[in-house]
Structure formats: structure tokens, C-alpha cells
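Novice: So the chains spell out like this:
2 protein chains.
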Amino acid sequence: MVTSRQVAQLAGVSQATVSRVLQGSLRVSGDTRQRVEAAMAQAGYRPHAAARAMRTRRSGTVGVVVADITNPFYPQLLEAVSHALDAAGQRMILWNAGGPSETSALEAIGEGSVDGLVFTTITEGSDPLEEALQQDQPVVLLHRGLESARCDQVTNDNVAGGRLVAEYLAGHGHERIAYLQGPELPSTSRHRERGFRERLAELGVALAPELTVRAHFSHDSARRAMRGLLDRQDPPTAVFCANDLTAFGAVDGALSLGSHVPEDVWVLGYDDIEMASWDSFDLTTVRQPIAEMARTAVELLLERIDDRSLSPRRRKFPSELVVRGSTARAPVPVRAVDR
Amino acid sequence: MVTSRQVAQLAGVSQATVSRVLQGSLRVSGDTRQRVEAAMAQAGYRPHAAARAMRTRRSGTVGVVVADITNPFYPQLLEAVSHALDAAGQRMILWNAGGPSETSALEAIGEGSVDGLVFTTITEGSDPLEEALQQDQPVVLLHRGLESARCDQVTNDNVAGGRLVAEYLAGHGHERIAYLQGPELPSTSRHRERGFRERLAELGVALAPELTVRAHFSHDSARRAMRGLLDRQDPPTAVFCANDLTAFGAVDGALSLGSHVPEDVWVLGYDDIEMASWDSFDLTTVRQPIAEMARTAVELLLERIDDRSLSPRRRKFPSELVVRGSTARAPVPVRAVDR
Chain A
1 MVTSRQVAQL AGVSQATVSR VLQGSLRVSG DTRQRVEAAM AQAGYRPHAA
51 ARAMRTRRSG TVGVVVADIT NPFYPQLLEA VSHALDAAGQ RMILWNAGGP
101 SETSALEAIG EGSVDGLVFT TITEGSDPLE EALQQDQPVV LLHRGLESAR
151 CDQVTNDNVA GGRLVAEYLA GHGHERIAYL QGPELPSTSR HRERGFRERL
201 AELGVALAPE LTVRAHFSHD SARRAMRGLL DRQDPPTAVF CANDLTAFGA
251 VDGALSLGSH VPEDVWVLGY DDIEMASWDS FDLTTVRQPI AEMARTAVEL
301 LLERIDDRSL SPRRRKFPSE LVVRGSTARA PVPVRAVDR
Chain B
1 MVTSRQVAQL AGVSQATVSR VLQGSLRVSG DTRQRVEAAM AQAGYRPHAA
51 ARAMRTRRSG TVGVVVADIT NPFYPQLLEA VSHALDAAGQ RMILWNAGGP
101 SETSALEAIG EGSVDGLVFT TITEGSDPLE EALQQDQPVV LLHRGLESAR
151 CDQVTNDNVA GGRLVAEYLA GHGHERIAYL QGPELPSTSR HRERGFRERL
201 AELGVALAPE LTVRAHFSHD SARRAMRGLL DRQDPPTAVF CANDLTAFGA
251 VDGALSLGSH VPEDVWVLGY DDIEMASWDS FDLTTVRQPI AEMARTAVEL
301 LLERIDDRSL SPRRRKFPSE LVVRGSTARA PVPVRAVDR
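In order, the protein sequence lines correspond to chains A and B. Residues in the first sequence are numbered consecutively from 1, following the UniProt record's numbering. Residues in the second sequence are numbered consecutively from 1, following the UniProt record's numbering.
Incorrect hints may have been included.
Listed below are several chain B residues computed to face chain A (Cβ distance under 10 Å; list not exhaustive) [as the list claims (entries may be wrong)]:
# : residue
1 : Ser82
2 : Arg223
3 : Pro331
Think of the hints as simulated: they come from the structure by calculation, not from any bench. Just so we're clear, the structure is a prediction, and the values are computed from it rather than from any experiment. For each residue, glycine too, the CB sits at the ideal point set by N, CA and C.
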């Protein structure tokens, strides 16, 4: 059996350097890493993962926890995370949160099957996150943040994004505005709403309580909520949705009643996932730089795996309003007081 | 430190039974498993994963390889696989095929980080699959099959599905039919086309070569292909698309030219993912029983992990035509010879 000592001799480096390459350490230069990997390939060195994990306490694997992969935002985020991990030579374990999986993500890190965790759908009161932080495990929050958590966090500036939408709608003279809220707990949901409300208030536009409906980030509940809003005697002229999936549900709700977007009602989303630009939706939305955020989260996590003593870092990425046909191609609908 | 012997005493079972529970063996009854797990929890027994893997040669983890998680079919399939694995107490590692990931899936199984692999996007000439089979590793193919591979396979009857669409279109008097093909290699793509062509030929309807366009299972290329078809002097009256994502692109291509579905052209897909039933698409499509197929694949794989000597099994699930508004609410469009 080939040993790491033989690999070191072949590559002309120390055995410690070979170990660092096996650990995926960032302190090895790309050049040295290549030389060591070439030597491993040449010598046919293939450490058994378990034996390696025992020896190096590194699995070369990063765990990602996600709540709902059937929301198309998450596959797009995961693909970006997966590419960033690939580029760093790391493997990805994915857990679909909610079931027994979330606890098993924590067990995995406790047991050394993964070196660190990316939480993409964290909310207040997550036991796995709290335990991971108590155990001082490497963790990064991506997309959803948590004010109270002392750990690396990469988010979009959701408050600023909400404000952008408020300014855009008020600037076009909308006075009867509805909001399809996300769930109560996620930071994305809370911050988008806070920015939207704050800026509308500053601009003297009221957000009527009866036009604020919880839609739970799902197509079905958004569709139902939109039908309720459009069936009112005083329907809204614009509907801001807490994410793009919700906006697709709102568009479909309007369609199901024979209402036209944007002629009868404007619809706006948040995220700017690929589907938002499809002709069927042509959705005005707030763009968050998904790929860049994913790359940054992976970078921070790998640095922390290398050095747990770093103080927690927060990276907040700017948001941008992308105007498309779900609002722009028609004047503000006339408020229908008597339908 | 608590030992497995103490757990065995506490649960009133043999130490071998505790090992089998740790290995996720199917030969332990649900009742016994519960008793052992309760004893582990009570005693605070938490074997280090690496040590456990060394001892039992079982990681309790199944790897899943997928080519394109941004095609919404795959998140839906993965969620079904993830639920089935959760229910069996197994973890899931996900690899996004194509990058260095696919090779690392094979390394992971070679190294013992995973006990078996689910390939969801296999095509002819996959080195990782071939190597895995040569090494006699537990593998199951799900969704896409491979005639030549001697391993467990769970697929939809894609030939029958293609035949259903041919019968439906011919039965409604369509004579100018287009086909948006998938990529050349996947079995799904080849079998759907084979069934479609065979049945059309049997019914005496020609599939014109100039109306057969490759759309690569992507929204963008389908949209482009559809625009090309509709710009012809002799456009098709119906377009069958190799999967739902392709059909969404076709609908959007029609929309971008001001053409109406189904009044100007009928559009049909394959898979019946959730989005197919959204009002924006309201897509007639062929349903494959995604959740049932995922459950069966996990079942076969766990059986094989327990007993590698089983002969290869193939499970083919029936397909069903689901008729919706993209075809049904309008008569067959009149063939426009001169637009």
C-alpha cells in the first residue's frame, strides 16, 4: 500500500504538506496542491475516507441544509454553491430540512462526516444551528440570516430591496397596494416587508391591513390569496409578493379569474430567479446576486474550517430592481371601486 | 464512554443486533430497531462516524447523482428520494453531475463514504457507472435507464408514453405535427421519441423531418426552436415536447410571437411536474409516478446494499396522459399554409 510519506517524496514536499492537501487546507498554494495531487495519482494513493477522517479530522465534505428544494430559488442557489465547492475541491452533502434530516446534519458535523455547514433556510429557534454554534462548529448562514447568531452570514440587503419596490410603486402613483407576505420567521420575509412598509410610510402611502395577506412562499397559497384580493369590491392596483414563487402564484391567480397583468393589476416579486424572465411571467422583481452570494458563503466557510478563531463576519449584498412586463407595459390600473 | 455492549444490555438484545441497527440493515424488525434506538438515546451513545464506518463498513449515507437541478423535474424527484431515504433512516449526499463531482461520487463509494449510489441522469458511456459496476458497488438507476447495464433500474414506460401522445394527436385529426426532441443520449429522450414515431407511423401520420428539432431539455433552446417552427410558412398545428421544461419554453416561444396556445398551436409535454398544472401553462402532458418511482428505487438500493448477490431487477412504471388547456379547450388549429 502506498503511504503519504511516499507521496511526499515523489512530490518533493513534506509529509505535513500532503496532509494539508488531504485536508483541503487553504494554506497550500495552488501549485503545490497540483504537484501533490499529481504525485498521488501517479503513485495510486487512495486513502480510505474513514481512515483519512480519523487521521486528519477532515472529510473534504461540506453539508448544505435547505428547506424546500421544490421552490426553484433553492436549486439555483444550490447549483451556485455546488459549483463553488467543486472549484474548491470539496464535496457537497445536501439535507432537505424539516424531516429527520435537519438533526442528522448536526449529527454529521458532530461525527466528522462533514467539516462545516451552510444553512440556507435558517429561522429563529433552530436547534441544530444553536447546537452547532455551542459546539463551535464551522457554520455559515446563506440567504437567510439571523440577527442573534454569532456566525458568518451572507445575505442580500432585503430591507433595501423592499424600499426599492415601495419607491417604484409610489412613484407611479399607486395608492391601493397589496402585499403577499412570506412566512413570519425567515429574515428575508421580515426584512423585505420592513423596508417596503417603512418606505411606503415615508412617502405617505398607506398599506391597508386588509390588503396584506400571508402567502407562505408557496404558489398555491399565493394563487388563493390573489383570487381573494381580486374578488374584493376595492381590489388593489399593484401586488408586491415576498418572493418570485409567490408572484408566479399571484399571476396565475389573476389569470384564473380572467384578469390581466399588468393591465388590471401590477405584480412584482423578489429574487429574480431565471423563471422570472420567462415570457409567461415577464416579472418585475428585485434581483439578488445569487451566484456571487453563494461563492462568498463557500469562501467564508472554508476559511473558518481552517481557522475557527476568526470573528464572525457579515456580508450584505446590494439589491436591484429589474423592471419587466408585469408592471411596465401598462399605465397604473384605474381603481375599480364598484366591480 | 458508553459502549455498544451497554446499549445492547439496556435494549435487551445482542450486540450483533445493535451493530445491525447501526448499519441500517433491513433484517432488523421496526420494533427492535426502535428499542435499540431508544436505548442509544437513553445511554447517550454516539459513535463517531469514522470509527463506525471503519468498524461496520457502513456510512448510513446514500449518494445521489443528478445532472441539472435547475430543471424543476429533478428537485421534485430529489425531494421524493430524500423523503424515502429519511423514512429509512439514511442520509443523502447529492452530487451535481458534470463537474469534478461525478468522479468524486465514485471515489466516495470506493472510500466507503456512501453505501450506494442512485444515478438519476445516466447516459451511455458514463465512466463512473461502469467503474461502480465493475467494482460490484450497489447502484440503482432511477428515471433514466441503460439497456446495457446489469444493475437495478427504475424507469417510466417512456415508449408507451410517447405512443399515448401519438394516439391523442392523431385521434384529434392533427396532420402537421412537430417534435421538440431531447438530447440524443438519455433513454427518456430516445424512448419517448421511439414510441411517438412508431405509433404515428402505425396510424399513418407522417412526422415531417423539418418539424423535428432538437431542444436539449432546456427552456431557452425550446423557446428558440418553437419560434423557428411558428415562423415557417407551414407551421405545425401541434408540438410534442420531450419534457415539461421544453414545453414551457415552447409555450413561451409562441407567446413571444403573439401566438395563442391552444388556439393557434397545441403544446404537449412529458413528466407532469407540479408546474405543468399552473394556470400559466395548464399543460397537457404525460404523467410519470415520480414519488412511487423514487420510493421503489430507494427500496431496491437498500436491499442491494444488504445483499449484493441479488440478480438485477428492472421496474417499469406505467405512464398516463393528463389532458389540460394547452390542447383541449380549442379545436385543432387550421393549418395556415400562407401566413
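Novice: Of the numbered hints stated earlier in the document, which are not met by this structure?
Specialist: 3
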